[in-house]
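Peer 1: Sequences and hints are given; from them, build the entire structure.
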Amino acid sequence: QKEVEQDPGPLSVPEGAIVSLNCTYSNSAFQYFMWYRQYSRKGPELLMYTYSSGNKEDGRFTAQVDKSSKYISLFIRDSQPSDSATYLCAMRAGNQFYFGTGTSLTVIP
Amino acid sequence: ETGVTQTPRHLVMGMTNKKSLKCEQHLGHNAMYWYKQSAKKPLELMFVYNFKEQTENNSVPSRFSPECPNSSHLFLHLHTLQPEDSALYLCASSQDNRQGPHNEQFFGPGTRLTVL
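These protein sequence lines map, in sequence, to chains A and B.
Start counting the first sequence at 1; every next residue gets the next number (the numbering used here).
Start counting the second sequence at 1001; every next residue gets the next number (the numbering used here).
Keep in mind the hints are simulated off the structure, nothing from the lab.
Glycine is no exception: its CB is placed at the ideal position from the N, C-alpha and C atoms.
So, partial list: chain A residues that the calculated Cβ filter (under 7 Å) puts toward chain B:
1. Asn95
2. Gly100
3. Thr101
Rough simulated footprint, nothing fancy, chain A against chain B, three-plus residues with beta-carbon under 8 Å:
4. 1036-1043
5. 1089-1099
6. 1102-1111
Peer 2: Here is the structure:
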């Protein structure tokens, strides 16, 4: 079983839609949860960094962590064509980082 | 730009070649990381350095040899690679290697490596 599961998509939505991206995990030792955005031919860029269960909001982005279900989500409100990218979830336990495979998102104008 | 630069951006090498990848960070960080990103696979953490000392080596084959001469520079020396080593190699840095908020990783743009 993979440490982190993420649907690779691709996901295609119209501009202005609410986007929901999700990851599940199996290791209850994970304590820090991250979402990265990766544009083509670029390195990953950190979007959200959360600890423990709950919600964290930053502009149009909301990250949710449900440790009891081992499930994390990233919501993008009022999606824009510039949000078209691959979104990676990541988790940390000690000095080890585990990433999902990434979900490819296209926002159509 | 994130403050982490990588050179070269693209590299094509034969299986008998020796080459090196370079990473430099201008963020004043003390921890640096090498990752491998292959198509349709998760990022794989390869090596971690904290204050120039290697703290993690995730069972990486010896044909990959890291070097960290100081906290700002990280190298990945490559020799006798295999075609399956073709991937995007990403460097990242963080304040140090402890867990905690405000200690997130900043990634460079990567080196696209092709092994023929």
